[in-house]
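Could you slot chain B onto chain A? The hints should help.
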Amino acid sequence: MKRLYSVLGVAENASDADIKKAYRKLAKQYHPDLHPGEATAEGKFKDVSGAFAILGDPEKRKRYDAGEIDDSGAEMPERGFYRHHAGDPGARKYQTRQEYTGDPDLGSVFEDLFGAGRRPGGGFGGQRMRGQDVTYMLTIDFMTAVSGDKQTVALPDGQQLAVTIPAGTKDGQRLRLRGKGLPGRGDAPAGDAFIDISVRPHPVFRREGDDIHIDLPITIDEAALGAKVAVPTIDGEVKVTIPAAAKTGQTLRLKGRGVPAPGSARGDQFVHLTIAMPPKIDAELADFLRGWRERHGYDPRSQPKTAQAV
Amino acid sequence: MAWITRQRLVRLIAPLDERDLDLWISERWVDPSPDGAGGDRFTEVDVARAMMIRDLRHDLDVPDDAIAIVLDLLDQLSGARSQLESLMEAVARQDRETRRKIAEICRLRLDQ
Numbered sequence: 001m002k003r004l005y006s007v008l009g010v011a012e013n014a015s016d017a018d019i020k021k022a023y024r025k026l027a028k029q030y031h032p033d034l035h036p037g038e039a040t041a042e043g044k045f046k047d048v049s050g051a052f053a054i055l056g057d058p059e060k061r062k063r064y065d066a067g068e069i070d071d072s073g074a075e076m077p078e079r080g081f082y083r084h085h086a087g088d089p090g091a092r093k094y095q096t097r098q099e100y101t102g103d104p105d106l107g108s109v110f111e112d113l114f115g116a117g118r119r120p121g122g123g124f125g126g127q128r129m130r131g132q133d134v135t136y137m138l139t140i141d142f143m144t145a146v147s148g149d150k151q152t153v154a155l156p157d158g159q160q161l162a163v164t165i166p167a168g169t170k171d172g173q174r175l176r177l178r179g180k181g182l183p184g185r186g187d188a189p190a191g192d193a194f195i196d197i198s199v200r201p202h203p204v205f206r207r208e209g210d211d212i213h214i215d216l217p218i219t220i221d222e223a224a225l226g227a228k229v230a231v232p233t234i235d236g237e238v239k240v241t242i243p244a245a246a247k248t249g250q251t252l253r254l255k256g257r258g259v260p261a262p263g264s265a266r267g268d269q270f271v272h273l274t275i276a277m278p279p280k281i282d283a284e285l286a287d288f289l290r291g292w293r294e295r296h297g298y299d300p301r302s303q304p305k306t307a308q309a310v
Numbered sequence: 311m312a313w314i315t316r317q318r319l320v321r322l323i324a325p326l327d328e329r330d331l332d333l334w335i336s337e338r339w340v341d342p343s344p345d346g347a348g349g350d351r352f353t354e355v356d357v358a359r360a361m362m363i364r365d366l367r368h369d370l371d372v373p374d375d376a377i378a379i380v381l382d383l384l385d386q387l388s389g390a391r392s393q394l395e396s397l398m399e400a401v402a403r404q405d406r407e408t409r410r411k412i413a414e415i416c417r418l419r420l421d422q
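Residue numbers (this note's numbering), protein chains in the order written: chain A, 1 to 310; chain B, 311 to 422.
Here chain A stands alone, though its shape is the one from the complex:
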């Protein structure tokens, strides 16, 4: 299903009225000003209003359905069929030049016109002469995968292989090193080396798509009163403001602190707060709380009024 429809939770053949209704409902649910404590509201609201900007406009919706524009409204290149390009100079690398296998009297004519049948570089005949590909496995650190790096890898046969790991490399990704495979026959080119990447998990950072997630323990006083705390990011520490009355499970979003993704916007870092009790409850705190709860007790386990009796 086209993504924008699932963002609004409607079927692809939904009426314009249904789409408007779905948008209104979600907008109320996620509008950041109506939910000031919700850190993820802004992101969700932007997603939903972005979807409505296209699906709510009949002209744009038509173009989106036809594949002329993408999720963000950008023009899609008109789909070209391969046969339009099959004869282009840029397609020569894919072509197989033919040997002549018919009437032997005509073989020399063919050679005069088109040269000898086998061409080292081209297509299936050529592929047999080009060197074989090899595949290696490489395990790298989380930070190396995220920021990119140039590494020299020692191969089993003693050779060295220089590998450029692009920034934003994902676990399971396959890198291709042209010409670093086994040598070809005669003057044929060498095959390629493929590197299957495994990324070691990081003790602090977790990656989900282009976003980074961390769990941040905070003290009860930081949660109650708010505070400015140092938070690790892949670029180093940043100071983040914890809002007063912070809850366990609350998420703060640090925009642009996620994984760099070549060719698109950088992801975000999400900081999940957990409130950590002090290692020891001292007598002073215990006395204070006993008195405090007489006047300010609250029940976090109470059932909401709308819950049905079981």
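Since the hints were made in silico from the structure, they are not lab data.
Note that the structure is predicted; figures quoted are calculated from it, not measured.
Every residue, glycine too, gets a C-beta built ideally from N, C-alpha and C.
Where hints are given, some of them may not hold.
From the derived model, a few chain B residues whose C-beta atoms are all more than 10 Å from chain A [stated by the list, open to error]:
id : residue
1  : VAL372
2  : PRO373
3  : GLU407
4  : THR408
5  : ASP421
6  : GLN422
Now the stretches of chain A that chain B is said to cover, found in silico as 3 or more residues with beta-carbon under 8 Å [stated by the list, open to error]:
id : stretch
7  : 85-93
8  : 208-220
Just chain B now, with coordinates in the frame of chain A:
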């Protein structure tokens, strides 16, 4: 020549994903050029080819080993067509009498 990044191409081949593209590249069904920073550049030709493979795989449900055969035949055909076109251009540049003789032999042989 115009080109797009791997990221963009992966979106175009949806619902197939990056692992599919990696497979097609290691099989040489799609052969992008390097961008100098460890990544790939996909020209219009590469994109059209990737879309064709996507159509075969996803819309027409063609299994991978059959795709290899289809592409091989297609590439042989393109090769043969290029040769034919270069021959046609050579013939086109001949005088009328020569062209007539060539055409006569062609038709005779093809109508056999």
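- [ ] If any of the earlier hints don't hold here, list their numbers in rising order.
- [x] Per hint list: single violation, 8.
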